[in-house]
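Enquirer: Letter by letter, the chains look like this.
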Amino acid sequence: MTTRQGNMFFDRVVKATPGGELLAKCLQCGSCGGSCPSGADMDHTPRALFAMINAGMENEVLSSNTPWYCVSCYACTTRCPQQIPITDLMYTLKEMAIRTGRYDHPRAAKFSETFIGFVEQRGRSFEAGLATRYHLFHHPQQVVKLGLMGVGMLRRNRLPLRPKSIRGVDQLQAILTEAKAIAAREVEA
Amino acid sequence: MSEPRVGVYVCHCGHNIAGTVDVEHVAEWALNLPNVVVSRENKFMCASTGQEQVEQDIKEFDLTHVVVASCSPHMHEKTFRNACARAGLNPYMFEMANIREHASWVHANDKDGATNKAKALVSAAVSRVIFHEPLEPMQVSIRPETLVVGGGIAGIQAALEIADAGYHVYLVEREPSIGGHMAMFDKTFPTLDCSACILTPKMFDVGAHPNITLLTYSEVERVDGYVGNFTVRVRKKAGMVDQDLCTGCGSCWESCPIRIVDNVFEAGLGHRKAIYRPFPQAVPKYPVIDVPNCTYYKSGKCRMCEKVCPTNAIRFDMQDEVVELEVGNIILTTGFKLFDARRVPNYGYGRLENVFTSLEFERLTNAAGPTEGKIVLRDGETPPQSVAIIHCVGSRDRNYNTHCSAICCMSSLKFAHLVMEKTGAQVYNFYIDMRPLHKGYEEFYHRIMDEGAQFIRGKVSEITDAARSPEEDGKLVVVCEDTLIGQQRRVPVDMVILAAGLEPRADAQAVGYMFGVGCGDTGFFTERHPKLDPVATVTEGVFIAGACQGAKDIPDSVAQGAAAAARVLGTISKREVALEPIRATIDEERCSGCRICNNMCPYHAIDFIEEKGVSRVNPALCKGCGTCVAACPSQVITGAHFTFDQLMAEIDGILVDVLSDQPIVEAV
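Protein chains in written order, with numbering that gives the first Met the number 0: chain A, 0 to 188; chain B, 0 to 667.
Chain B extracted, bound-state conformation (with noise of 0.2 Å):
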């Protein structure tokens, strides 16, 4: 092989880096360095003059290798490497140096110190760069068929994106119905459309649609493969009736005798029975048997259901049914959980009767729920005079959940609106903070405090039924200091809604391992980039959308589904993705078997071979992540872009003397 020839670029950033390095002086002294050819530094080498002066030089001086310091490889390895291609040098022959997160930025009080600091890094980039290696990136073929996982707003907007775009989805739900948190709703905010008007024909269209298997009742059991090849097992819950039969008439719930408390679609407000829909809008129409809570599989009589039913649908003996899914890609939007009200014993919730939790209000309002949206009290009939609506239950408090749930504030707006229509009550809300963030928004509140409710800025801290006063006589109190007067008040009243917050579903820990998502410090799922990648996660071919990346409303969630959906579709139009070679590699000559790495491995990328007694690297499930190079024990598993050679040298780079001015001697 003949000598190496490196091009080192060092970058101003502008002030970034030049205002605390001595950008020319680093640029002067690493010429020294053993097989550096050319040395240049750069106002901005991500523009396109900079990137110009890379490829111009590769040609020029016959560059083998090029080492840019600049910012993080996060922000521009993927523009450098691109120049290196154009130029016809393989894109991996060329390394970063960290000049601005590493040194400039963290030493900003000590110029020497960052300037020495930077020297050291473009050295040991100088020095593993020569033992890069050519590698190719993979290429893997993707399926066209999705897996929606969720069948709230999000994943319905998801699953139809994909279908009217002409590829399959596979939409699994684990209620029986699709719909999800927005079906319960009266209302939506600001607009005040009804809930049900807009999300039913999404819903009609999702059950209709000829690209759309429909899969609800039913719950993804694990997950195989990788981007573009997945095996998906789902389990189709036994719903007891028989769908091709079914015509979802009502006969067999209308004559069933076992009335239980709706914890799930009617908050534990309203009823439903042991065989039944959530709601008439439910999509699918057909029943399902709530096994646990039917007489017949407790005495193994009434079959009540089964006498009434006009088509014979009703299965009892139906089983669970397990189906395998081959899908490219898999889209998350599992929802939210409502924070339970419970848990804050100062707010009365389960002890006081008429304080309500928002969710219970959005039934309670809803003209297809209990009291078929008469606002009244516990006692089902009263109407109350005046209402509390308290904001911020179980958000923005570090006992509970620190995060802000960014819906409270605008439904509490419409939970206003809706009890001043209907029963001209007079409404407080108790807020530490107004959000009202989007597009609308302001507007909606500003319609609220003209239609007369009152706002009082602090947090409530007790809900209490002893009077103390005969104003207080029967009523509820909330009991608060009034910030902005700095006096505390007692604010008497009829009914409580509590507007408590969301947080992540009470799986979202299993359901990420499966699906090799992670959860945040709040327990949401973790996207990929905060700003720049907010529905990709660090799988490749799994995204997020919806309320289980994050607390957010309707329209964010449909966004969401959208923007997961435009992800997908680009990756099945390409028909194959490319992923980065830095891979784990194992010599199967010096294998021992002893599959310590195995188990190791966090993306289950790693198979043993039986005949060989061996164990192999799947590369595309892969993500160089080097754990089993770490942990093999006769240290023959090789991590791509990672070699003990580049690491040594990277190593020997770094400890050179910043401080001489003489040329330095190679030190491998």
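Bound-form chain A, shown alone (with noise of 0.2 Å):
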């Protein structure tokens, strides 16, 4: 086992993710920070990150908008030479910040929760629904605009407008609700 003396976040960091004690391999090449399509909008690239959690700046590390700005498409992962599961040590740095209310991103959170709520509602994401709903309740100044965008999407049919729902959600509902109370209890102990 992996472990930092005297550096429990970083252990705390590989306890949470499967697969995370690949993280003390990092090599700081920093093909995940190229490889990252919303690179250029975060704070610290990740490989700047894994330093930080190898620093111990827990602080510093999940108020950084990097987990946020994670799109989950996973180039990182792919190319990583040493196979360091980046993407799901997004998701552990993610849940951290929310737990211990540290992220200094509430649009970041905000989206995440509200693309959350049309999955447990439906199972999948509705784009349309998830613009519309997140952008009116956050910051309605930029309906116009992004309204534009919405408009050559849908006329290029990369929009749909109704939204589709896949068979048994109660039965995903369930699951969820079984998961958040067996998180609820691990969060207690």
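One should not assume that every hint holds.
With a Cα cut of at most 20 Å, we get these calculated SDA-like pairs of lysine to any residue [stated by the list, open to error]: (1) B:Lys42 x B:His14; (2) A:Lys24 x B:Cys403; (3) A:Lys24 x B:Thr521; (4) A:Lys24 x B:Leu483; (5) B:Lys186 x B:Phe278; (6) A:Lys24 x B:Phe278; (7) B:Lys186 x B:Glu420; (8) A:Lys24 x B:His402; (9) A:Lys24 x B:His14.
Pair ranges (Cβ atoms, derived) [said to hold, decoys possible]: (10) B:Phe43 x A:Met7: 40 to 46 Å; (11) B:Asp339 x A:Met7: 41 to 47 Å; (12) B:Lys373 x A:Ala108: 41 to 47 Å.
Treat the hints as calculated values from the structure; they're not laboratory data.
Just so you know, even glycine gets a beta-carbon here, dropped at the ideal spot from N, CA and C.
Since each chain comes alone in its own frame, lean on the hints to assemble the complex.
Expert: Structural data, given as structure tokens:
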């Protein structure tokens, strides 16, 4: 088991992520940062974030916008020469940031919540609904500008207006309810 | 037989053992063990004083057996066996108890436990040693001829060293010429010597040497025998050219109408004919016919080469020839294979036309290459104005090869120099870590920085032709994180060179199996000891040198080639070698002839004697591994030094009550 003496944060991140122990083997090569479609918008590239985890900079890491800009494309994970589960580590960091209330980016967290809300309701994402609901609630002044892009996407059949649901949504919801209960018990423990 | 008299010596190994194990107590306790007449502790048993103590006690106490409790037998078994021999005791009447690797080092946090384990291990050794039998090493004679497999620079060096010392060498090479990868290069780092200028004199020496029989266009098919006495079967592929008549004039390949992309020597950038020699300085100078591509063998027509040959040297009906060689030693110098850059789809090799591999670039910049040394884009005429060199392609990457290929940092620096010198283009080196390790290498790195090459620290994530800005239009864009500033960068260039890594040859496993050499995790041949025996293998008389043992550059390959030659010359000058007498023997009276052991033996050491209906071990081939001993359903195979009695006594010994201070009753 990987441990960093005196660096409990590193150990916690590793432990909370399946395959996370590979984080100790990061070469700092930057193929994650180079591959990331959101890299330019991030406070820190994933590579830099891993160096900060290694340095025990818990506050800076959990308040970084980096995990919130991860779009789960897994480009970094497939290219990482050390096969570090980078995308999964981003989920761990998001979860830690929410639980400790240390994220500085309410917009990102809210976007995530809106997105998850649709998934819980229908079993899949619904882009048109996500965009309208998120922007109307959180920054309505952007709606006009983004609306134009929406119209363009509509015209190219990239933005279906009707939401689709999966079969057996009730079963998915039961699973999620149970999962949340387990997570809550774990947090208490 | 008189009562056995055992001497026990417990070593402190400085603090290595004494820091954890109570050495004094173990030595004192050992006196209670049956047959022990003297038991001592010593700071360093391997020092001359420790060895002299053993010798003195053997004489003074009339010892019949000796046990030393210290480090691993790999380290010092020979040392103490020799000490016994000097005092007139058969060296195999010695046994070693490993209380360092097996006790003090692994139980560093449990002093009592480690001490108790050390006692048990000493007891086991004492109990076992009295069943030891005197053994005599087996002497085998060494034939003075040597086989070298692979005609790259390592094999050339090894062959020349041995031949110059006055002994005969058979050099077998798969391709029509010796020279290997080095013959393809233009310049060599860090001195920028012309590769051909330093290689071809050696190639010529090999070709002309009276002590070297050169077997090019040939492959080893089978190896029998053992150290000193190998029989090797080599297939000489039919080249369809009579070498006694051919003068290498070149009329044949000049008139041959078939033009083929040369994927071997020209790395796919150039062409050769269906009758060809790989390059002008080839040794031997004779061409061969590439049968699958020759029109005559397809349609029965053409015969152009035959018509123009002034000495009538073409033999369309030539057959493969199989020769048997008798050699005493074998050196494998089979080299490496370049990583196939197509396996990294995000680098676009094979899809984006101006992405080149390192070997392609070597041919591009070589004066004898397809562009006569002009560095140009794939269109064959445009010189690049900016070039990116990508390090670690297929190396240091768990998705491909985990090892560092050792040469790419330096060859990338060399490429940077050549590009800047010949084209004046801006060069960007994309690296993870710079590793210019050897003499003069760091200085070369500084020189290239001085010449204006840019260094960007970051593993390239993608090479794309999808432009995002006017500057990127029509360019290859190298995308990476510049890790030193922590930001993404997109660098537009005209040409990309991929510094592809070094891999084991595709058939390394099969070749290793044929010669009794294993392949490690990375697939390269495994040396006997990574530090202290780097060119020997577990098979006596078979040595390895050059990039077949692991990725390495020319200086290291040459050094290993010479080192392997020195090892071979050592055995030749001794005329014979002593083999460990730890071998299996079959009791032929009781052998049922079931032949189960025959195929089990990993060293092909067991033959079936038809007329007697029994199996027999060839002692020179047997390594004493014990596989046959365990497999024999009639239990009639005995492994010398690992007899049933010895092993049972060892087990009895290890089971004594180490906490008791009472004298221990003999268990067996």
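Enquirer: So which hints don't hold here, by number, going up?
Expert: 6, 9, 12
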